[in-house]
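J.: Sequence:
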Amino acid sequence: MDCRENLVQYLTWSFIVGGLAFFLRQTRICGPYGRYMNTGERLRPTCPAKVAWFLQELPAFLLPVILVLTTESRTSLGKKLLLWTFCLHYFQRTFVYALLTRGRPLPLQIIVFAAVFCSFNGFLQGHYLLHCAQFEDTWLADIRLAAGLLLFVVGMAINIHSDHILRSLRRPGEIVYRIPHGGMFEFVSGANFFGEILEWCGYAVATWSLPTFSFAFFSICSIGPRAYHHHRDYQLKFEDYPRSRKAVIPFIL
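The opening position of the sequence shown corresponds to residue 0 in numbering that gives the first Met the number 0, with each subsequent residue numbered one higher.
Quick caveat, the hints were computed from the structure, so don't treat them as lab data. Note that this is a predicted model, so its numbers are computed, not measured. Any given hint could turn out to be false.
[Unchecked claim] Okay, derived cross-link-like pairs now, EDC-like style, lysine to aspartate or glutamate, Cα gap no bigger than 20 angstroms in a straight line:
| # | residue 1 | residue 2 |
| --- | --- | --- |
| 1 | Lys78 | Asp162 |
| 2 | Lys49 | Glu173 |
| 3 | Lys245 | Asp162 |
| 4 | Lys78 | Asp136 |
Can you make the complete structure from the sequences, with help from the hints?
T.: Pasting the structure below:
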């Protein structure tokens with residue numbers, strides 16, 4: 000195992016251990032941004048939501064692109080296809096979602112933490128797929144690749160549509176919370192989170208590797224509890240909130 004493989008192993012297990020730690024913390028206290036910022040936290044340095052989302056998501060798009068452009072062209076088309084699916088999500092988050100968002104300003108500490116994570120993750124996914132991953136010649140016809148990419152596309156569609164529904168609940172400049180309706184919001188309170196979880200589970204299935212699983216695992220541990228907190232917040236704020244909705248997994252949780 001060379002130093003590059005050692006680095007992949009280190010980052011992979013860091014994501015798994017970090018995901019567990021993040022999950023344990025998030026089950027008690029939700030991250031201090033958005034609706035969960037108290038008065039004291041609102042007095043701390045913040046950044047407008049559009050700029051914040053652009054800055055923190057950009058590294059996860061930019062680093063894999065740089066790695067692709069600086070890697071020898073003999074890298075297989077299949078590897079690049081898988082990496083471009085990863086980049087597709089972060090292109091949308093960096094250049095589309097960030098431009099359209101109507102969210103609250105984000106604390107600088109949250110932005111820095113997210114940017115550091117996206118940097119490490121963008122490097123891990125790009126470096127692993129381009130330099131370490133080994134796929135059989137028959138992988139392009141494997142059911143795991145097809146099923147994983149399908150799950151990714153469905154999850155991304157749900158995520159984007161759910162974000163659109165949430166944006167439509169606010170006029171420009173408004174900071175209010177209303178009950179979302181339509182799409183997967185008829186089944187779960189965290190429809191946008193559910194879509195993103197599907198995306199990264201699909202990505203992990205399509206690549207069938209521990210490094211990609213570690214990112215999917217971290218995503219579930221970080222945004223799953225946030226969906227649960229949103230669910231509880233909706234129930235407390237709105238007496239007429241649909242009781243049949245679950246938090247993040249339709250019909251289950």
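J.: Just pull the numbers of the violated hints for me, sorted ascending.
T.: 1
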